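Engineer: Let the hints inform the model, and build the full structure from the sequences given.
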Amino acid sequence: MITAILIMAGGGLLLGAVLGWASVRYRVQEDPLVEKIDAILPQTQCGQCGFPGCKPYAEAIAKGEADINRCPPGGEDGVKRLAELLGVDPKPLDEGLEHKPKAVAVIDENLCIGCTLCIQACPVDAIVGAAKQMHVIIADQCTGCELCLPPCPVECIHMEVIREDISRWKWRYPVIPLHPVRQA
Amino acid sequence: MRKLYPFPGGVHPPEHKSESNGRPIAQAPLLPRYVVPLRQHIGNPAKPVVKVGDRVLKGQMIGQPDGYVSTAVHAPTSGRVVAVAPQPVPHPSGIADLAIAIEADGEDRAIEYQPLLDWRSMDPSTLRNRIRDLGLAGLGGAVFPSYIKLNPKAAARIPTLILNGAECEPWITCDDRLMRERPHDILRGIAVMQALLHAEEVLVGIEDNKPEAMAAMQAAAEHCGFPLEVVAVPTQYPAGGGKQLTYLLTGKETPSGALSTDIGVQVFNIGTAYSLYRAIEFGEPVISRVVTVTGHVAEPQNIEVRIGTPIADLIRLAGGELAGASGRLIGGPMMGFDLRDDAAPVTKSVNCVIVKNPILFPPPPPPMPCIRCGECARACPALLQPFELYWYAKARDFGKAQGYQLFDCIECGCCSYVCPSHIPLVDYFRYGKSEIWAREREMQAAEQARKRHEFHLFREEREKQEKADKLAAKAAERLKQGAAAPATADPEAERKKAILQAAIERAQKAKANIQPRNVDNVPPDVQHEIAEIEARRARLREAAHAQDEDKA
Ligand code: SF4
Ligand code: SF4
Ligand code: SF4
Ligand code: SF4
Chain U
1 MITAILIMAG GGLLLGAVLG WASVRYRVQE DPLVEKIDAI LPQTQCGQCG FPGCKPYAEA
61 IAKGEADINR CPPGGEDGVK RLAELLGVDP KPLDEGLEHK PKAVAVIDEN LCIGCTLCIQ
121 ACPVDAIVGA AKQMHVIIAD QCTGCELCLP PCPVECIHME VIREDISRWK WRYPVIPLHP
181 VRQA
Chain Z
1 MRKLYPFPGG VHPPEHKSES NGRPIAQAPL LPRYVVPLRQ HIGNPAKPVV KVGDRVLKGQ
61 MIGQPDGYVS TAVHAPTSGR VVAVAPQPVP HPSGIADLAI AIEADGEDRA IEYQPLLDWR
121 SMDPSTLRNR IRDLGLAGLG GAVFPSYIKL NPKAAARIPT LILNGAECEP WITCDDRLMR
181 ERPHDILRGI AVMQALLHAE EVLVGIEDNK PEAMAAMQAA AEHCGFPLEV VAVPTQYPAG
241 GGKQLTYLLT GKETPSGALS TDIGVQVFNI GTAYSLYRAI EFGEPVISRV VTVTGHVAEP
301 QNIEVRIGTP IADLIRLAGG ELAGASGRLI GGPMMGFDLR DDAAPVTKSV NCVIVKNPIL
361 FPPPPPPMPC IRCGECARAC PALLQPFELY WYAKARDFGK AQGYQLFDCI ECGCCSYVCP
421 SHIPLVDYFR YGKSEIWARE REMQAAEQAR KRHEFHLFRE EREKQEKADK LAAKAAERLK
481 QGAAAPATAD PEAERKKAIL QAAIERAQKA KANIQPRNVD NVPPDVQHEI AEIEARRARL
541 REAAHAQDED KA
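Chains as they are written, first to last, in our numbering: chain U, 1 to 184; chain Z, 1 to 552.
One or more hints might be untrue.
Pairs of lysine-lysine, BS3-like flavour, derived with a Cα cap of 25 Å [said to hold, decoys possible]:
#, chain 1, residue 1, chain 2, residue 2
1, Z, Lys480, Z, Lys470
2, U, Lys36, Z, Lys480
3, U, Lys80, Z, Lys433
4, U, Lys80, U, Lys91
5, U, Lys170, Z, Lys480
6, Z, Lys451, U, Lys63
7, U, Lys100, Z, Lys467
8, Z, Lys467, U, Lys132
9, Z, Lys451, U, Lys102
10, U, Lys80, Z, Lys400
11, Z, Lys451, U, Lys36
12, Z, Lys451, U, Lys100
13, Z, Lys470, U, Lys36
14, Z, Lys467, U, Lys170
15, Z, Lys451, U, Lys55
16, Z, Lys470, U, Lys91
17, Z, Lys433, U, Lys170
Pulled a few chain Z residues facing chain U out of the computed Cβ check, cut under 7 Å [to be verified]:
#, residue
18, Ser93
19, Gly94
20, Ser421
Read the hints as simulated data drawn from the structure, not as lab findings. Everything numeric in this text was worked out from a predicted model, so none of it was measured. A virtual CB, placed ideally from N, CA and C, is assigned to each residue, including glycine.
Structural biologist: So this is what it looks like as structure tokens:
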């Protein structure tokens, strides 16, 4: 009887020790929250959230210093996913912020004086050009942050909403089709 | 008799084949204008190689393959290019896409075709490139570039070649007619496929509602020179689905996310075999195909038309729409879509045009809530749980939908067909899939932007550092050259700066050397007092400093 108890107790202790050792030895480095938040943010780097970029905003959210509804490009969808990640209730975008359709910046080549100011403003280096030369925006790389608009001294940059084409087209959310009555 | 492996689920909608399968394939006359879209296949659209005003000949390449997953498009007749611009195309979105419009000159002169009769002795990769440049793509509807599928090296060994002649969608009969009328030609095309893939077994699956096509193919198969078996499969939609037909004929299941080549099977459509025959025998590119025109038209039938034929003209060739037509479907009623604009042309993927009327195609009754009856799950050939998928797709919970294997859905429409609540289930699945793809694209773009932004920050930092380093180096150099005779380009300012710098340096050096003299020999209490005062002053200095910084 006593041997049995001892064996069980000993076994328990041994397993406990092994588990304890394993939990220390193989501790999983928890993915930092900031990175998870940053992964949801759209990386537009526009600063509309009031922070100088997506990463700083992610850091602020992680520290609890900023609310989750301050990123307009991410839109409602983004807020929803942040809410899911952080286990809080989703909410509408903060007042004064609105989600706009995605656009890219375009430079009017006739007006550009090649001052390079826009290059310095673009957070993702999507503008190419050199001093006194016409500057071009690489549409694929432009995040639509609009940061290049204010510095341009001749106001030759404008935003163009991306038009839907077949390769980007999405099936719509099903709605009950309305059938127009044919005029006889 | 071959043992068949019935696939799960499926439905048997009214066939409606007899409307169009009684007449022989008609040849379309030359039309005045054709519109050839550049995106007719899966993958990258072809790149236009002609411009407005160019004269082109029939069969001339007007759009070249762009990248690996791509193929060419060709002029359907001789004439003049009148537009290279977005034009209506047969697509559920109704969005215009880049296409080349050609005004026929009536001569129908062709380029000199180069038959590939010596294909057996040709270098395989040269042969495949020729096939790519002749624009071959799967004509069953998926339009995957054929030359990729004909590469035996790309995948593992492929012992089984399956030819899909099931044609399981209601109304469509173009493969049926093709098999009845041109079985020998189809077999010649199959022979090329068999040889290229080194297939040991060739199976032609035909639904048993096409006895004439069966008989014709069987008769032709008797002297085709390689092992080929024509197999009748039960008429059950979607027997013509690639995975379903594979399972039906071989009992091999294609795992989730895998291709049929992963299990040693390659599937081609009958029409593709025929166009491969045309390519090999005559060197002819894919500039025509057989299309079923049926439904509410005067003479439902199959017509061999050139790619680029406006669908309005096609319908006219079938006697035109009857009174009371209520729309047009591209493809079959199960998987097809509504055509928005009948100026859109026939492309390689258009196998059928159905003119609707309210009796044959009544508007769907309004959907009701799901009663979780499970009918949809019983009908699903992919063994999914459509009501769960529906639940999550409707709630836009795409992660959960993916967890329920949304991407295994082949969009066959069986679930919508049987649902007693008339829920357009497939529409939700298509919506869910395209949302997930879009999200994937956005994530990739965001990842790119993140990297570029990180690099931008790094570059800014580096430039700042470089600037500072340069300034420091300059200042040091100037000091070395001596304060009295600075020999720089901007002498006056630089000289003043250097003098100032030198003065500061001198003062600092002096300060370091000077020791207060009258505290050398003081009693300890005085020493203590001095120390206290010094400490207080230090504290004050610090406070003032902090205040300054706050203000700044
Ligand atoms: S080009 Fe302009 S709008 Fe586009 S990412 Fe750069 S700064 Fe933003
Ligand atoms: S800021 Fe304006 S003017 Fe200056 S380079 Fe950019 S686009 Fe040209
Ligand atoms: S068939 Fe329709 S009602 Fe029945 S479980 Fe499926 S979705 Fe729900
Ligand atoms: S459409 Fe998708 S979910 Fe519905 S039956 Fe077909 S494979 Fe199953």
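Engineer: Work down the list of hints and note, for each, if the structure agrees.
Structural biologist: Structure-based check of each hint:
no.	hint	verdict
1	Z:Lys480 / Z:Lys470	holds, 15 Å
2	U:Lys36 / Z:Lys480	violated, 53 Å
3	U:Lys80 / Z:Lys433	holds, 19 Å
4	U:Lys80 / U:Lys91	holds, 8 Å
5	U:Lys170 / Z:Lys480	violated, 68 Å
6	Z:Lys451 / U:Lys63	holds, 23 Å
7	U:Lys100 / Z:Lys467	violated, 39 Å
8	Z:Lys467 / U:Lys132	holds, 22 Å
9	Z:Lys451 / U:Lys102	holds, 20 Å
10	U:Lys80 / Z:Lys400	holds, 15 Å
11	Z:Lys451 / U:Lys36	holds, 16 Å
12	Z:Lys451 / U:Lys100	holds, 24 Å
13	Z:Lys470 / U:Lys36	violated, 39 Å
14	Z:Lys467 / U:Lys170	violated, 49 Å
15	Z:Lys451 / U:Lys55	holds, 12 Å
16	Z:Lys470 / U:Lys91	violated, 51 Å
17	Z:Lys433 / U:Lys170	holds, 9 Å
18	Ser93	holds, 4 Å
19	Gly94	violated, 9 Å
20	Ser421	violated, 13 Å
Checked against the numbered hints above, the structure breaks hints 2, 5, 7, 13, 14, 16, 19 and 20 and satisfies the rest.
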